[in-house]
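J.: As given, the protein sequences belong to chains A and B, one line each in that order.
Read in the working numbering, the first sequence has 11 at position 11, and its numbers run on one by one without any break.
Read in the working numbering, the second sequence has 103 at position 103, and its numbers run on one by one without any break.
Hints are not guaranteed to be accurate.
Unchecked claim - From the structure, some residues in chain B lie toward chain A, with a derived Cβ separation under 7 angstroms: (1) Lys9; (2) Leu38; (3) Ala73; (4) Val100; (5) Ser142.
For the record, the hints were derived by calculation from the structure and aren't laboratory data.
For every residue, glycine included, the Cβ atom is placed at its ideal position computed from N, Cα and C.
As a plain string of letters, each chain reads:
There are 2 protein chains.
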Amino acid sequence: VNDRSKVTKHAGSHWEGVSERAYKDESAHHRGVTRHELMGAADDESALGVIVRYFEVAPGGYSSLERHEHAHAVVVIRGTGTVVLGEQLLAVAPFDCVYVAPNTLHQFQASAAEALGFLCIVDRVRDRPILPSPAELAALASRGVSFKPR
Amino acid sequence: VNDRSKVTKHAGSHWEGVSERAYKDESAHHRGVTRHELMGAADDESALGVIVRYFEVAPGGYSSLERHEHAHAVVVIRGTGTVVLGEQLLAVAPFDCVYVAPNTLHQFQASAAEALGFLCIVDRVRDRPILPSPAELAALASRGVSFKPR
Chain A
1 VNDRSKVTKH
11 AGSHWEGVSE
21 RAYKDESAHH
31 RGVTRHELMG
41 AADDESALGV
51 IVRYFEVAPG
61 GYSSLERHEH
71 AHAVVVIRGT
81 GTVVLGEQLL
91 AVAPFDCVYV
101 APNTLHQFQA
111 SAAEALGFLC
121 IVDRVRDRPI
131 LPSPAELAAL
141 ASRGVSFKPR
Chain B
1 VNDRSKVTKH
11 AGSHWEGVSE
21 RAYKDESAHH
31 RGVTRHELMG
41 AADDESALGV
51 IVRYFEVAPG
61 GYSSLERHEH
71 AHAVVVIRGT
81 GTVVLGEQLL
91 AVAPFDCVYV
101 APNTLHQFQA
111 SAAEALGFLC
121 IVDRVRDRPI
131 LPSPAELAAL
141 ASRGVSFKPR
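Turn these sequences into a full structure, and let the hints steer you where they fit.
T.: Okay, structure coming up:
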């Protein structure tokens, strides 16, 4: 059949049939992040055009501070944390939405006390992230934006 | 600035700056459904390619039973209910994912006791839904799939 519609059940801290993956290669630029690809990654879901991923950042952890040409649509579904978004540092909590426009520096940071879990929707075909330059980091620091690692 | 990145805060039962909209025109084909367009609907978010909507179906309510060429990526974030998906009727609960492949008949039904809330991601540019034919409804009924209205 060409009908690949399906329900993927959530059970406890995972989804049935969905593997937990490394967020990225080992790096000093991120800490405590896991990734689940929920929908759109399989060839038989290519009608979707996008991939729906779930990221979970452990307490005190953070994703890479980075930018790219593709946009992100993020919906927080668990925990609390902060987001570096351009030159702002903003608090986020469940069901808050974060639109990351093209080429905006961004980083998701979990609070010290609890994990931060969020859905992140991206195009299936997209450009690779770029890390900020030393000058950009200095500019953020001068504005008091608390990026990590410091 | 061309940086339109933003956080849209969730507060109680709504999102700041996001209007609750009618699901569709008045019709006997659906009941008790509201719609919020969270990300991607604004021109300045067109880099996204998709629109992230939040639908909430009141207790006992249901969306239209319909099909279309574009795919849906759905993540339940509130309540419980059932989904007609092709020729199946499946239970859903928070964080369950529903991938609706092209041309699959589908309907979201809230349980009698609580509202069903879900994110639904679709392409910005997409075809219009088609209602099932009487023959298709008869086929579903003969398989014991409980679609609505009956």
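J.: In ascending order, which of the hints set out earlier in this document are inconsistent with the structure?
T.: 5
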